[in-house]
Amino acid sequence: MQNPRLTTEDLISTITSIMTEKLNEAALKGKNLLLMKLLQKLAIFKKEPSKW
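The opening position of the sequence shown corresponds to residue 36 in this note's numbering, with each subsequent residue numbered one higher.
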C-alpha cells in the first residue's frame with residue numbers, strides 16, 4: 036500500500052481553510068461582544084437617561 040503524499044497546494048488549502056474558520060469565529064465573537072455592550076448601554080439608558 037502506497038502512502039498518500041500531501042502536496043504543497045493541499046497544505047496551503049488546509050491552512051487557509053483553518054485560518055478562515057478561525058477568523059470567522061473571532062469576528063462572530065467580536066460582533067457578539069459589541070452587541071452585548073450595546074444592550075448593556077441601552078439597559079442603563081432606560082434606567083437613567085441622563086447617563087447618555
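Wrong hints could be hidden among the right ones.
EDC-like mimics (lysine to aspartate or glutamate), calculated; alpha carbons at most 20 angstroms apart, straight line [stated by the list, open to error]:
1. 72 / 56
2. 76 / 60
3. 57 / 45
4. 72 / 60
Now the in silico label distances, taken between C-beta atoms and shown as ranges [what the hints assert, rightly or not]:
5. 77 / 53: 49 to 59 angstroms
6. 38 / 74: 48 to 58 angstroms
7. 82 / 61: 43 to 53 angstroms
8. 68 / 38: 53 to 63 angstroms
Calculated directly from the structure, the hints in this document are not laboratory data.
C-beta: ideal position from N, C-alpha, C; glycine also.
Do the hints match the structure? See the list:
1. With a C-alpha separation of about 24 angstroms, the suggested pair residue 72 and residue 56 falls outside the 20 angstroms cut-off, and the hint is violated.
2. Between residue 76 and residue 60, the direct Cα distance comes to roughly 24 angstroms. Violation of the 20 angstroms bound is thereby established for this hinted pair.
3. Proposed proximity of residue 57 and residue 45 is supported: the alpha carbons are some 18 angstroms apart, at most 20 angstroms.
4. Straight-line distance between C-alpha atoms of residue 72 and residue 60 comes to about 18 angstroms, which keeps the hinted pair within the 20 angstroms bound.
5. A hinted range of 49 to 59 angstroms for the beta carbons of residue 77 and residue 53 is inconsistent with their spacing of about 36 angstroms.
6. Checking the proposed 48 to 58 angstroms range against residue 38 and residue 74 shows it holds: the Cβ atoms sit about 54 angstroms from each other.
7. The hinted window of 43 to 53 angstroms between residue 82 and residue 61 is violated, with their beta carbons roughly 32 angstroms apart.
8. One distance hint, 53 to 63 angstroms for the beta-carbon pair residue 68 and residue 38, is violated here, with the actual separation near 45 angstroms.
Checked against the numbered hints given earlier, this structure breaks hints 1, 2, 5, 7 and 8; the rest are met.
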